[in-house]
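Going line by line, the protein sequences match chains X and A.
With this note's numbering applied, the first sequence covers 33 to 244.
With this note's numbering applied, the second sequence covers 33 to 244.
The hints are simulated quantities; they were obtained by calculation from the structure and are not laboratory data.
One thing to keep in mind: the hints can contain errors.
Some chain X residues near chain A, calculated using beta-carbon distances under 8 Å [said to hold, decoys possible]:
# : residue
1 : H59
2 : E105
3 : Y149
4 : H156
5 : S222
6 : V232
Pulled from the structure, derived: some chain X residues nowhere near chain A, Cβ distances all over 10 Å [unchecked claim]:
#  : residue
7  : L64
8  : I69
9  : V118
10 : D138
11 : S151
12 : H203
Note that the Cβ used here is the ideal one computed from N, Cα and C, for glycine as well.
There are 2 protein chains.
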Amino acid sequence: MMNFDFHKLFLVNPCDFDDECYTRAMHAQKILDNSSIFSSFDDAVKNLDYIVATSSLESQNDKRHLRNATMLEDFANKIFQVKGKVGLVFGREDYGLYNKEIAKCDLMVKIPTSESYLSLNLSHAVSLVLYSLYAKGEFIPKDRRTIGRIEKRKMYEFFSNLLEEINYPEHKKENTKIMFKRVMGRAMPSKWEYHTLMGVFGKAIEKIRRQK
Amino acid sequence: MMNFDFHKLFLVNPCDFDDECYTRAMHAQKILDNSSIFSSFDDAVKNLDYIVATSSLESQNDKRHLRNATMLEDFANKIFQVKGKVGLVFGREDYGLYNKEIAKCDLMVKIPTSESYLSLNLSHAVSLVLYSLYAKGEFIPKDRRTIGRIEKRKMYEFFSNLLEEINYPEHKKENTKIMFKRVMGRAMPSKWEYHTLMGVFGKAIEKIRRQK
Chain X
33 MMNFDFHKLF
43 LVNPCDFDDE
53 CYTRAMHAQK
63 ILDNSSIFSS
73 FDDAVKNLDY
83 IVATSSLESQ
93 NDKRHLRNAT
103 MLEDFANKIF
113 QVKGKVGLVF
123 GREDYGLYNK
133 EIAKCDLMVK
143 IPTSESYLSL
153 NLSHAVSLVL
163 YSLYAKGEFI
173 PKDRRTIGRI
183 EKRKMYEFFS
193 NLLEEINYPE
203 HKKENTKIMF
213 KRVMGRAMPS
223 KWEYHTLMGV
233 FGKAIEKIRR
243 QK
Chain A
33 MMNFDFHKLF
43 LVNPCDFDDE
53 CYTRAMHAQK
63 ILDNSSIFSS
73 FDDAVKNLDY
83 IVATSSLESQ
93 NDKRHLRNAT
103 MLEDFANKIF
113 QVKGKVGLVF
123 GREDYGLYNK
133 EIAKCDLMVK
143 IPTSESYLSL
153 NLSHAVSLVL
163 YSLYAKGEFI
173 PKDRRTIGRI
183 EKRKMYEFFS
193 NLLEEINYPE
203 HKKENTKIMF
213 KRVMGRAMPS
223 KWEYHTLMGV
233 FGKAIEKIRR
243 QK
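Start from the sequences and build out the full structure, keeping to the hints where you can.
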């Protein structure tokens, strides 16, 4: 939970919090300490605006609406539109959620898993759902400062100069420049990668020129 | 692994497989039984075409190319273009991957996590990466033939030779080679792009040598 900025843990009839429990929580012990404990499912969800059941088991039969599911990815794309308190409901390690619990939820989300082993471990199911929400949320930091059009133009120009200096066959030049553009377009270099690359190209060009 | 149709487990110097190990594997015990055991990281990856390090810790500093990362989602969108054997490398539960191991990988993938608790439990990290690949898997067209490990090694070697020929500062060499690996790791060149790039590098090296 803490890995993905979720902090409100509701537990229904949990076991006691023993030493092992705290040890496993590692640096997230305060989530345990701040958790809310309920004696029934109904109590736990009564103040929530939108209740979401989770499962990797889906009804094979379209007629049984109960377990007709929304795929996790689709859910993650749409849930941010919901205003209010959303509750993600996870079942027991062994049995998951009972049908009568799923029936009380607004939506059932399916985590896609292989036919050869459908059931997920509880902690993995939680991780996957929280990660999917976290990864879609807008609070993901932009990971890298990539180069802009001016740097890009300069990089292509250097590459073009390099082709010039090595007497690259005229009829292949255009296509090779496009290749370089495509490769770099996919690589999306950061500013620092750009400067490092330009250093190498620059030195190569200089070296060839000086020795002419 | 079995939840997401992954079957080949490579282990480097693992502990013994005791009863607990089999109990926890539940219905996936055959993955343990069919796992391959290696005594070094180099041995484990030597027959792989594309090696991917995973981490939730990223370099805060763009200048250190080593941990310049690709986000998990972007990786999941692109990796299906790679032809050949892809290895996903996960580190130790406590320390993750060492820098020298990350340096040997073609790409580093970052699993986005909260600033307030960056490190993921190993089994959760594995789940998230395999789920992301599984969830993307069926929709991505497999249209490009990318280069394998032999071509890649050759490309890195040529780049290294180029640095040699241009008297690139010794203390910067290692970092610049890793930068090149990361840029190319993200770009995932096709065979034709590879041959074209090698043509350019080859000619540049030849040109400088001949004029010495």
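Here's how the hints hold up against the structure:
1. At about 6 Å, the closest approach between the beta carbon of X/H59 and any beta carbon in chain A falls short of 8 Å, and the interface hint on this residue holds.
2. Interface hint at X/E105: satisfied, since its Cβ lies 6 Å from the closest Cβ of chain A, which is below the 8 Å cut-off.
3. Proximity of X/Y149 to chain A holds as hinted, the smallest CB-CB distance being about 4 Å (cut-off 8 Å).
4. About 4 Å separates the beta-carbon of X/H156 from the nearest beta-carbon of chain A, less than 8 Å, and the hint is met.
5. A hinted interface residue such as X/S222 counts as satisfied when its beta carbon comes closer than 8 Å to some beta carbon of chain A; here the least separation is about 5 Å, so the hint holds.
6. Restraint check, X/V232 versus chain A: the minimum CB separation of about 7 Å is within 8 Å; hint holds.
7. With a least beta-carbon separation of about 14 Å from chain A, X/L64 lies farther than 10 Å from that chain, consistent with its non-interface assignment.
8. With a least beta-carbon separation of about 23 Å from chain A, X/I69 lies farther than 10 Å from that chain, consistent with its non-interface assignment.
9. No Cβ of chain A comes within 10 Å of the Cβ of X/V118; the nearest lies about 18 Å off, and the non-interface call holds.
10. Its beta-carbon lying about 23 Å from the closest one in chain A, X/D138 satisfies the requirement of being farther than 10 Å from that chain.
11. At roughly 8 Å from the closest C-beta of chain A, the C-beta of X/S151 falls inside 10 Å, breaking its exclusion from the interface.
12. No Cβ of chain A comes within 10 Å of the Cβ of X/H203; the nearest lies about 13 Å off, and the non-interface call holds.
When held up to the earlier numbered hints, the structure conflicts with hint 11 and nothing else.
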